[in-house]
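Protein chains in written order, with our numbering: chain A, 1 to 309; chain B, 1 to 309; chain C, 1 to 309; chain D, 1 to 309; chain E, 1 to 309; chain F, 1 to 309.
The set of hints was computed from the structure by calculation and includes no laboratory data.
One or more hints might be untrue.
Since the list gives no way to pick out one identical chain from another, each pair is judged satisfied if it fits inside one copy or across any two copies.
The calculated lysine to aspartate or glutamate pairs, modelled on EDC-like cross-linking and capped at a C-alpha distance of 16 Å, are [to be verified]:
{"hint": "1", "residue 1": "K40", "residue 2": "E102"}
{"hint": "2", "residue 1": "K263", "residue 2": "E239"}
{"hint": "3", "residue 1": "K96", "residue 2": "D129"}
{"hint": "4", "residue 1": "K277", "residue 2": "E264"}
{"hint": "5", "residue 1": "K40", "residue 2": "D98"}
{"hint": "6", "residue 1": "K171", "residue 2": "D98"}
{"hint": "7", "residue 1": "K28", "residue 2": "D98"}
There are 6 protein chains.
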Amino acid sequence: MAVFSGTAHPELSAAIANHLGIKLGGLKITRFPDSEIYVKFEESVRGADAFLIQPTCAPIDANLLELLILVDALKRASARRITAVLPYYGYARQEKKDRPREPITAKLIADLLRTAGIDHVVAMDLHADAIQGFFDGPVDHLTSIGILSDYLATRNLDNVCLVSPDEGRVKTIRKIASRLRAPLAVGYKFHPAHGVSEISGLAGDVRGKTCIVYDDIISTGGSIDEIVDTLLAHGARPEITIACTHAVFAGKAIERLSRPEIKEVIVTDTIPLPAAKRIPKITVLSASGLFAEAIQRIWTDSSVSSLFD
Amino acid sequence: MAVFSGTAHPELSAAIANHLGIKLGGLKITRFPDSEIYVKFEESVRGADAFLIQPTCAPIDANLLELLILVDALKRASARRITAVLPYYGYARQEKKDRPREPITAKLIADLLRTAGIDHVVAMDLHADAIQGFFDGPVDHLTSIGILSDYLATRNLDNVCLVSPDEGRVKTIRKIASRLRAPLAVGYKFHPAHGVSEISGLAGDVRGKTCIVYDDIISTGGSIDEIVDTLLAHGARPEITIACTHAVFAGKAIERLSRPEIKEVIVTDTIPLPAAKRIPKITVLSASGLFAEAIQRIWTDSSVSSLFD
Amino acid sequence: MAVFSGTAHPELSAAIANHLGIKLGGLKITRFPDSEIYVKFEESVRGADAFLIQPTCAPIDANLLELLILVDALKRASARRITAVLPYYGYARQEKKDRPREPITAKLIADLLRTAGIDHVVAMDLHADAIQGFFDGPVDHLTSIGILSDYLATRNLDNVCLVSPDEGRVKTIRKIASRLRAPLAVGYKFHPAHGVSEISGLAGDVRGKTCIVYDDIISTGGSIDEIVDTLLAHGARPEITIACTHAVFAGKAIERLSRPEIKEVIVTDTIPLPAAKRIPKITVLSASGLFAEAIQRIWTDSSVSSLFD
Amino acid sequence: MAVFSGTAHPELSAAIANHLGIKLGGLKITRFPDSEIYVKFEESVRGADAFLIQPTCAPIDANLLELLILVDALKRASARRITAVLPYYGYARQEKKDRPREPITAKLIADLLRTAGIDHVVAMDLHADAIQGFFDGPVDHLTSIGILSDYLATRNLDNVCLVSPDEGRVKTIRKIASRLRAPLAVGYKFHPAHGVSEISGLAGDVRGKTCIVYDDIISTGGSIDEIVDTLLAHGARPEITIACTHAVFAGKAIERLSRPEIKEVIVTDTIPLPAAKRIPKITVLSASGLFAEAIQRIWTDSSVSSLFD
Amino acid sequence: MAVFSGTAHPELSAAIANHLGIKLGGLKITRFPDSEIYVKFEESVRGADAFLIQPTCAPIDANLLELLILVDALKRASARRITAVLPYYGYARQEKKDRPREPITAKLIADLLRTAGIDHVVAMDLHADAIQGFFDGPVDHLTSIGILSDYLATRNLDNVCLVSPDEGRVKTIRKIASRLRAPLAVGYKFHPAHGVSEISGLAGDVRGKTCIVYDDIISTGGSIDEIVDTLLAHGARPEITIACTHAVFAGKAIERLSRPEIKEVIVTDTIPLPAAKRIPKITVLSASGLFAEAIQRIWTDSSVSSLFD
Amino acid sequence: MAVFSGTAHPELSAAIANHLGIKLGGLKITRFPDSEIYVKFEESVRGADAFLIQPTCAPIDANLLELLILVDALKRASARRITAVLPYYGYARQEKKDRPREPITAKLIADLLRTAGIDHVVAMDLHADAIQGFFDGPVDHLTSIGILSDYLATRNLDNVCLVSPDEGRVKTIRKIASRLRAPLAVGYKFHPAHGVSEISGLAGDVRGKTCIVYDDIISTGGSIDEIVDTLLAHGARPEITIACTHAVFAGKAIERLSRPEIKEVIVTDTIPLPAAKRIPKITVLSASGLFAEAIQRIWTDSSVSSLFD
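Take these sequences, add in the hints, and give me the full structure.
Quick look at the structure:
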């Protein structure tokens, strides 16, 4: 077993290696002055069961291309099996054509990874389940639901209600709600009557409740902002907890999450969170143990499925 | 241009050919006594732009294998391009792994079609948008929303509300609602409190309204039955209209749709509906014109996208 | 090593597992009400050397599609190698184009299996040897000649002659004849003179002999019926033995085999023979030991070739 | 349309071009002193529908590799479609594994041609029909039966019998026999009784008849020699006609064909016959018209199937 | 014909379109706040012969990924043929492994382009000729030698000598020298004697001559700086002209080119040159006419080869 | 581990096996009278890590096709990994298009090898480094520089200068020069002035020196002949040593190498050198130890890279 880290998220890679009780493999990654990437593995990988840890978060072009180049180098150096550990799968929200003449970039990325030489993928909380089918080979699809639920349980929140900001996350919200034994509510947009513009509705009763909103990805925080407004309008207590797996936190995200009705923001470390964005109310839970366990089991051909849920 | 029909749905194929003003191509399809399929195209397809019409509805194994064999024969007979017109895409609901060691059959089917020699796919209202990405080549993804909405508009229903039976169809319901300038409601399942078993909830106000429920596929009618109960419990008028694209109608479907609170059931003809199931309240709208138009445009390299929505 | 059985022939799978001294792997295979197949492996197959036993006999569409879906599930569950054990290879007689615009379905099936994820194939008495070449990877091609010959030797038949019903099986008949140290005869169709319609001829002297007719597949029994007539017309003793590997027995097969001049019908169990068709004169020899031995040797990288002849 | 000739059989290529009323495309093919082949097309082939004429006869390695290199050059020069016209398909008799650890070279050749960039194949009288299935794309499989039969009909032979030297050609012999309205006979090898070594048998009555023996390929003439002996032993007239499609004529072939009981040897020109081997009794019928017609029809997307039989 | 421009070099694309007398196709390319690229073609490309102009210069990751996504969108929108016009091919200098466990990124890029759906490539002055072989399909390899030579001829320089800065460009230098009917010289590094460190040598006599140095790519200008030193040391006139195809101009390039002994720097516009780098002594010759001509000829299936040299 | 030898160079294969302390695997290779190759492995290769030794030297067509057929047989016999050991890679000098409508045969060969079933390649001193990139999988690229340099060091030559006959080998010459701590010189062709025909130039001072000329391949010896003339014209001592890796020695090579100013010719045994060409001044150094070591390390997953330089 040889575990290597791209440059996207060295802290997570180090934490995974620490859990595994190993050192990360020697690997040189640099840039030429004209922006071209150069990589070189510093130790033999011949016959190795190689794992590459690289979330394809921003800067997504650079992180993705670096990953592809690393895979090419491993393949040509006779690695026996190459597993890409992708804590965050960029472009996951472009998994379909919503309009004509758009790409399906999430599928393209899967094809590029296969072309470079990936044999196996480990991912977490993919935005759409069908992305698993974009790969021809095995995908071990981990989830952070356990990590988030376990932490939330320790908060001893009272009179809780789990909230999905839109219809896309109801399936996940149900799983968290069932672990916390709490009711759920769902936000949605609708036209209440003819000629009236779209407004935010809410299914479920949140009056006086302590709401926990979960989304898989928080990008600019726009939809979180809206659901918080909606929850407050429906009488929720102004002590709302926000949870997400992938803390993209682009644009105005931090500003929006700073509003006082949001009491705590719980995220995992699938994407590096720069110090400047680490406002006090953010709690980062590490998924490194889960990734380490998955790597260990893949390496030893043990069942990974018990980590799925 | 040469348009051929498999044996899955000859009525639809005939209707499409009629719209195009052409005769269906000569094609012999038989079975040997041991159940093996035998096919032979009765006219030259050399250099042809060939279209094969075959919904992969039940008996799904037979219809799918027949389609694959037809494609193989076309390919070996030097057809220039082979387009599969798949009014219904079977196995679409197995587009992801929900549990470990399941297949992703919707992807497998796409791969089998590519292997047999398909260049291009025309489909309608795929259960999950990401299925488009399961194909490497172009997919023209038609929708019956226009057909259904236009018909509904002619019914002059009063005080209408569009209803999605679960979170999966909200996106489509929004499109119909916006055409009919009507509000919407969404059914969902939830645990109202700790220790209480799952019940059906409803987002949106349906009191005294004439509800139109849409689902893409009605299989055994179980979820339609539940949403009707829920709507009635929330005060909807007992004159509910059910609309769907793909009338699978397996098991108890007809029995369930026969309940008196359902006034009309509107479906399209993507799947053949045997006479025995054609109860009076069912209205079948033909999608044949839409498929004919798509074939015509593909053949002449005109834009198909205006048919998408 | 993990050995799984599709639903085509559970008795044969059980017999193979028994020979191997193992339990068949846990596997759930069901149908949804709309006819779609659902499968789920009940135990981890990660890193496994997996064998799937499934003759693609009638209902051939169902058995084939089930096999493809099982392979897809195994592949996505990280099985290391997937071997399809195909005691009977359906569509083997469509291995060429006899007329323009026909498919070559036997090749299509091989391509579909490769696409689904098969690494290795074990087959028996393929109708045409060239079908081995339809696969890119290894095919272990077993034969039942040894089983059949050994059994025939125990019958102590007197003054025996081996008979091929047509030119297609002469090669196999020679092998059996050389094991039984008996002469052979070959049936064929010919026009004896200008303007005379085709009749059945026979090469070789069968006068007063105890004939053993071998064919690889008996489907409706039509050609067996004809060769029996021919043999009797050429003076063979009316105590004819029929042997075949693959007892398809469709249509009027049992009726035809019931004629009194046929004394015994010897078949193997590559295809399940329903109780209703098990008339007393049929002797079923099991190929399960041979398949078990092949699986054992493939698993241990021992030579399989000694099983070939 | 652009038609090019490799170096294997320039006479045939010239004859085909003559039938088409075109000039062969400019093409330079040379060898470096170290035996490497160098090719260069002398005119633009961009967008061309290119046909390459090259039987893969002896020296088979050279002819095959030259063909592959020509295809590579055409592909890289942007030809639109590349059709290999293969009057003789070398290695066709290695289309299966007869023993363990043999190759299936006929399949390998098909794979190599696809890899180089072949889109389409035109072949004649392939040794095994299943070789068509070794290709993924279209194969136009011509036959010389018409040419040979038409010529034989002009000979006004009396009391004719068509003879297949072994079981492998019975299917073809039937077609010729039905055109000439003559009976047929089949040679075969068998053990007449226990302990007796294999002898040549003959099915059908040839006493006093004028025999026409057909085989697809005559290599060293060994099996022709044997069937002639057998025919004479069974009372055939010592004025035997030999017909074949592919005149390989290796080793002692000419010597064997020179025996006086063979009156005429009819072959086609799929393989070049050097002057030294053109003994007077050999009649060479040209297949060039048939190949020209096939090329013409492929180019104009007309049906080729009427040329098949 | 439809010609589209990525965002890498809109000026070049506009110039090419101008030469062709067409408008560039409508195309929307934006970024989401989290850095993901979004593209949408604004007009139908169904059946189109589509050309995408995109040099993969810095920022190379972004330009490359954008190109791949554009190709994916074109492919799924049913473009008939997709040609990538790559005025500059990034990563071309990583076309081999110089050390173990390096990637061969130039091959990887070719594979990624093929996977995305490229059918055809137009490139200019590839760093290594063998890169053409990295593609399976046609590559039209243009050269700027004509443009540069024609311009140099107009300068009426006296007593000229063409200089290659190292052994890698001698082949190109010969072509320019033969057009200008001038002698040549070659720089190289060597150890003049045992124990002496490597120094720059020069083959050819440059004493009192007006030197023209050509390199395919000028990145940081380091090797240009060295060859200028060497030329001066060998007595060349301090009025040196530098010519290159691909003006990468990274790092200290402009500073180095500013030294007074360099009189003029002639480049083409395969890479955008920002205003800040456009020092007066730089002359930019446009390759847009050449690319336009190549596109025109590819579209009309005319010969492109006359543009190669 | 199983090591097999094709017929191209049995002496080298035997020497490699001897170094490994193993017997070469049993393998039958014959020709049919019509020139077709027949191969059969005489022992089980199921699950084997198989190595095939075959330089693709002249007769190159035969050696290459034999190699492809051997690979096909190994693949179908279930070998686990197939490594082609290619001491000499024929067609390496056709690795690019120099003129339009040429092939890129070096890439074609790589593609053919992959199609046949090669997993891994071991090569030596490839003519162009980029050929490594023609393969998708790992290439272990050995070099004879160490062997040649070590031998040269033992010759105790005085006042040595390393010479590259043209610009193509400067990179290699530098490596040898640095091992021998000697200066270098480079031959080249140039036009010394307008209107003067091309002459041979030389960079570097060879006056009174003992020159060692290295080229990777010596085919007809023409360029060696020219560089010797040039060296003598520049005052080199008439005791020149010639070294090369691949002794093709076609055409007039031996005659040219016999000139008295060439004192010794040092080659390796990557290509068989027939006795008739073994003139006394030729020294053959064996690369067998290097190949044996590489095979040993590949088999044991040890690092091969230390053998690269």
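Hint check results:
For the homomeric pair K40 and E102, the shortest alpha-carbon distance between copies (5 Å) is at most 16 Å, but the shortest distance inside one copy (36 Å) is not. In this assembly of identical chains, the alpha carbons of K263 and E239 lie at most 16 Å apart only when taken from the same copy (5 Å versus 46 Å across copies). Both within a single protomer and between protomers do K96 and D129 lie at most 16 Å apart by alpha-carbon distance, with minima of 12 Å and 6 Å respectively. For the homomeric pair K277 and E264, the shortest alpha-carbon distance inside one copy (14 Å) is at most 16 Å, but the shortest distance between copies (49 Å) is not.
Within a single copy, K40 and D98 get their C-alpha atoms only as close as 40 Å, which misses the 16 Å cut-off; across copies the closest is 11 Å, which meets it. Proximity of K171 and D98 under a CA criterion of 16 Å is satisfied inter-copy only: 11 Å between copies versus 22 Å inside one chain copy. For the homomeric pair K28 and D98, the shortest alpha-carbon distance between copies (15 Å) is at most 16 Å, but the shortest distance inside one copy (40 Å) is not.
Against the hints set out earlier in the document, no violation occurs for any number.
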